[in-house]
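Asks: Sequence:
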Amino acid sequence: MVNEIEQLNLNEINALLKNTYNLRDRAIIILFLNTGLFLAELLGLKINSIDWDKKLLKLSGSRARETPLNEQAYEALAKWSKERPDVRCSFFFITTKGKVKKLSGRAIDKLIRKYAKQAGINKRVNAQILRNTFAIRLFSEEISLDKAKTILGITDPQSIDKYIQAAKKPLQKPEIPQPEVVEHVDTRSKLSKLLSKIFPTKPKQAKPLTEIKGPIIPSPSEVIFGRERMIEEIKSSVSKSEDVLLIGPLGIGKTHVLRHIPKLMGPNTLYVASPSPIKNMLTQICDRLDPEWRKHIKARATTKEITDFIIKTKGGEPPLIIIDNLNNLKIPDVDTFLSILENFTIISSTEELKPRLKQIWWKFKQIEVKELTEASAKELIRYLTQNLPISDYELLVTRVLHLSNRLPLAIVDMIHQISHRPVVTSDVIREVYHEAGVKYRDWTAVIVILWGVAIIFRFIALGTHSFEAYILAGFGTAFMMIMRFFAFRMR
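Following this note's numbering, the numbering of the sequence shown begins with 125 at its first residue and continues without gaps.
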């Protein structure tokens, strides 16, 4: 049995970084999380170990290699380099108090523990756990074993297998502690007991808080709420090579579901944010099928040539393609998309079934994505507010459910409106607002009809020589014109 490897989840990573303000310390933590360096390798970094032009780390020693820097790591190192004083010590990470010297391993683990405590992470956090976090996320991606070994600087099969097994294990939905039920010995009089049964006092349900600081982000790779049955339906359709189309309005959670699917289906999936421009989509498919595909076709290949190449090289087990925002597809690109659809299993989404793409829609099994159930919406609210001190939790739940129309994106937006508050009071809750649950009625037709009636009545009054009725109809016409003006201004 493979021992479980300790790692940080996405919310813990965000909390740790949000609570690390010192540029040197932030650069250290980001470097561990983005490159998976060994502690000794980080300690040994010198000012000439960084190739700023190529964005590479040149590591020496028994595991000598070049490690690429992503933008986050590069920016963090660059900011520290500007603050780092020019001293004789050539090590990149140096002390900032007392005699200037390179940092020790104990000092680095101490600063990591300090920021983890400030972030409210209630578990042991050190350099090794940050490296584990990077390694597990690396093996979660579709990457060759040799490349992963090179990046991590390891060759031990047992260590590699541990990371692979940990990457395959899905992260469970974080448990949110439920309020404990405390039983009391009832010492009240019989009369008091009777009155309490007749006039029960509504309790305020206490909500236990986690210690993680900062807004909680519902990462698609980690959690999903209220979509379990839909996920099972999608998996069943994909197993039968059926193409699936999710249909629902903006904010209903289609993208979250699509981004959750690779976690369930494995690495042989490709997520494409939009089918337009069509060449961008085709390029992403080519990159997945053959990273060196540009060597096999001419430089300025047409869309048809790229499509033919994709069909020719798709292989025996082509990837499951996930395409978001299919309603963005352009009419001239329909034939190209149909060619891809005939050769790959596709899961897609759209806000509406536009008639111009009718020939696309009928090829999919259509699944309507509905708003969350009240229970699932409450579960999402509890997850998002697990670290927020709220004075009236029930009031917040009621307001969010009412104004969000139980749309996941609206719920997340509303909770983020209050996530920066030290204490979420009742007044703060009443300020939370979202357009999703606001219903507008179009009174234009009613106003036009009443306006017409007033004009007709005015002509009748003129024909019957009724001066009073004529004046009254004039006031009515003027009133309708004013109402129409303000109605159009408020649209």
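FYI, nobody ran anything at the bench for these hints, they're computed from the structure.
Backbone N, C-alpha and C fix where the C-beta goes; we use that ideal spot for every residue, glycine too.
A hint or two may mislead.
Straight-line alpha carbon distances no greater than 25 angstroms define the calculated SDA-like cross-link-like pairs of lysine to any residue that follow [as the list claims (entries may be wrong)]:
no., residue 1, residue 2
1, K337, N138
2, K364, K403
3, K403, P391
4, K293, M354
5, K271, A290
6, K206, G244
7, K271, E128
8, K387, D414
9, K387, P342
10, K238, K359
11, K223, E128
12, K438, L269
13, K271, K247
14, K203, V224
15, K419, P442
16, K273, R261
17, K502, F468
18, K454, G440
19, K234, L315
20, K454, G390
21, K359, I232
22, K487, P342
23, K179, K238
24, K454, E441
25, K286, T274
26, K226, G244
27, K454, F468
28, K364, P342
29, K359, A290
30, K179, I232
31, K436, Y395
Label pairs and their in silico Cβ distance ranges [as the list claims (entries may be wrong)]:
no., residue 1, residue 2, range
32, R424, W176, 31 to 39 angstroms
33, E366, T427, 24 to 32 angstroms
34, H544, V570, 42 to 50 angstroms
35, T522, E441, 47 to 55 angstroms
36, E555, W176, 45 to 53 angstroms
37, S363, W486, 19 to 27 angstroms
38, S214, H544, 20 to 28 angstroms
39, I435, S398, 18 to 26 angstroms
40, H420, D175, 27 to 35 angstroms
Asks: Confirm or reject each hint.
Replies: Do the hints match the structure? See the list:
Only pairs whose Cα atoms come within 25 angstroms are accepted, and K337 paired with N138 is accepted, the gap being roughly 9 angstroms. Proximity of K364 to K403 is assessed by CA-CA distance (about 29 angstroms); at most 25 angstroms being required, the pair is judged violated. Restraint check for K403 and P391: satisfied, since their Cα atoms lie roughly 23 angstroms apart, inside the 25 angstroms limit. At roughly 22 angstroms between alpha-carbon atoms, K293 and M354 fall within 25 angstroms of each other, so this suggested pair holds.
Using a Cα cut-off of 25 angstroms, the hinted pair K271 and A290 holds, with the two alpha carbons roughly 18 angstroms apart. The straight-line distance between the Cα atoms of K206 and G244 is roughly 30 angstroms, outside the 25 angstroms bound, and the hint therefore fails. Taking the CA atoms of K271 and E128, the gap is near 23 angstroms; set against the 25 angstroms cutoff, the hint holds. A C-alpha spacing of about 22 angstroms is found between K387 and D414, which places the hinted pair at or below 25 angstroms, so the restraint holds.
Proximity of K387 to P342 is assessed by CA-CA distance (about 14 angstroms); at most 25 angstroms being required, the pair is judged to hold. Of the supplied pair hints, the one linking K238 and K359 is violated, its CA atoms being roughly 43 angstroms apart against a limit of 25 angstroms. Between K223 and E128 the alpha-carbon distance is near 41 angstroms, which puts this suggested pair outside the 25 angstroms criterion. Under the criterion of a C-alpha separation no larger than 25 angstroms, the hint pairing K438 with L269 is consistent with the structure, at around 22 angstroms.
The hinted pair formed by K271 and K247 fails the criterion: a straight-line CA distance of about 31 angstroms is larger than 25 angstroms. Our distance criterion of 25 angstroms between C-alpha atoms is met by K203 and V224, whose separation comes to about 19 angstroms. Pair hint K419 plus P442 holds up; C-alpha atoms about 20 angstroms apart against a cutoff of 25 angstroms. For a cut-off of 25 angstroms, the pair hint linking K273 to R261 stands: about 14 angstroms separates their Cα positions.
With a C-alpha separation of about 38 angstroms, the suggested pair K502 and F468 falls outside the 25 angstroms cut-off, and the hint is violated. Annotation: proposed proximity of K454 to G440 is violated, straight-line Cα distance about 30 angstroms (limit 25 angstroms). Distance check on the hinted pair: K234 and L315 sit about 60 angstroms apart at the alpha-carbon level, beyond 25 angstroms; violated. Note on K454 and G390: the hinted pairing is violated, with a Cα-Cα distance of about 30 angstroms set against a maximum of 25 angstroms.
At most 25 angstroms may separate the alpha-carbon atoms for a hinted pair to count; K359 and I232 exceed this at roughly 45 angstroms. For the suggested pair K487 and P342, the alpha carbons sit about 32 angstroms apart, so the restraint of at most 25 angstroms is broken. Taking the CA atoms of K179 and K238, the gap is about 29 angstroms. The hint is violated against a cut of 25 angstroms. Taken as a hint, the K454 and E441 pair is broken in the structure, with Cα atoms around 28 angstroms apart against an allowance of 25 angstroms.
This hinted pair checks out: K286 and T274 have alpha carbons roughly 16 angstroms apart, not beyond 25 angstroms. With a CA separation close to 29 angstroms, the supplied pair K226 and G244 exceeds the 25 angstroms bound. Proposed proximity of K454 and F468 is supported: the alpha carbons are some 20 angstroms apart, at most 25 angstroms. Between K364 and P342 the alpha-carbon distance is near 30 angstroms, which puts this suggested pair outside the 25 angstroms criterion.
Taking the CA atoms of K359 and A290, the gap is about 23 angstroms. The hint holds against a cut of 25 angstroms. Between K179 and I232 the alpha-carbon distance is near 24 angstroms, which keeps this suggested pair within the 25 angstroms criterion. For a cut-off of 25 angstroms, the pair hint linking K436 to Y395 stands: about 21 angstroms separates their Cα positions. Distance hint for R424 and W176: a CB-CB separation of about 33 angstroms, consistent with the stated range 31 to 39 angstroms.
Separated by about 26 angstroms at the C-beta atoms, E366 and T427 satisfy the suggested range of 24 to 32 angstroms. A hinted range of 42 to 50 angstroms holds for the C-beta pair H544 and V570, which are about 43 angstroms apart. Take T522 and E441: their Cβ atoms lie about 49 angstroms apart, and the range 47 to 55 angstroms holds. Between E555 and W176, the C-beta spacing of about 46 angstroms keeps the proposed range 45 to 53 angstroms intact.
The supplied range of 19 to 27 angstroms is met by S363 and W486, whose beta-carbon atoms lie about 21 angstroms from each other. Taken as a hint, the range 20 to 28 angstroms is violated for the pair S214 and H544, whose Cβ atoms sit roughly 41 angstroms apart. For I435 and S398, the hinted distance range of 18 to 26 angstroms is satisfied, since their beta carbons lie about 21 angstroms from each other. For H420 and D175, the Cβ-Cβ distance of about 31 angstroms falls inside the hinted range of 27 to 35 angstroms, so the restraint holds.
Hints 2, 6, 10, 11, 13, 17, 18, 19, 20, 21, 22, 23, 24, 26, 28 and 38 from the earlier list are contradicted by this structure; the remaining hints agree with it.
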